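Please construct the entire structure, taking both the sequences and the accompanying hints into account.
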Amino acid sequence: MEELKLLKDQNFYVFKTLGQGAFGRVFLAHNPQMGLVAAKVIRSYSFDEQEWEAAGKLQT
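If you count the sequence shown from 1, you need to add 118 to reach the working numbering.
Derived DSS-like pairs: lysine-lysine, alpha-carbon spacing no greater than 30 Å straight-line:
id: 1; residue 1: K123; residue 2: K158
id: 2; residue 1: K126; residue 2: K158
id: 3; residue 1: K123; residue 2: K134
id: 4; residue 1: K134; residue 2: K158
Derived DEER-like restraints, expressed as beta-carbon distance ranges:
id: 5; residue 1: Q168; residue 2: F133; range: 26 to 32 Å
id: 6; residue 1: E171; residue 2: F133; range: 24 to 30 Å
id: 7; residue 1: K134; residue 2: Q168; range: 27 to 33 Å
id: 8; residue 1: H148; residue 2: Q168; range: 27 to 33 Å
id: 9; residue 1: A172; residue 2: A140; range: 16 to 22 Å
id: 10; residue 1: K126; residue 2: Q168; range: 24 to 30 Å
id: 11; residue 1: A172; residue 2: G137; range: 19 to 25 Å
id: 12; residue 1: D127; residue 2: A156; range: 15 to 21 Å
id: 13; residue 1: Q151; residue 2: L122; range: 17 to 23 Å
id: 14; residue 1: E120; residue 2: A156; range: 15 to 21 Å
id: 15; residue 1: S162; residue 2: T135; range: 14 to 20 Å
id: 16; residue 1: K134; residue 2: R161; range: 17 to 23 Å
id: 17; residue 1: Q168; residue 2: Y131; range: 28 to 34 Å
id: 18; residue 1: N149; residue 2: E120; range: 16 to 22 Å
Don't read these hints as lab results, they were simulated from the structure. Being a predicted model, the structure only gives us computed values, none of them experimental. Idealized CB from N, CA, C, for every residue including glycine.
If you want it as structure tokens, here you go:
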């Protein structure tokens with residue numbers, strides 16, 4: 119599964135899949151710097167540059 123490799127390469131440990139939809143999958147994951155997160159991996163054909171930039175500005 120490419121999504122798991124992508125997250126592992128970014129130093130995430132994936133516990134489980136939380137859900138999936140038309141745009142990709144959401145995983146329960148842990149990252150040493152971020153802690154416990156819900157990580158969404160978007161399929162490349164569904165990728166929208168503006169959505170990505172907006173998501174990057176969100177604060178927890």
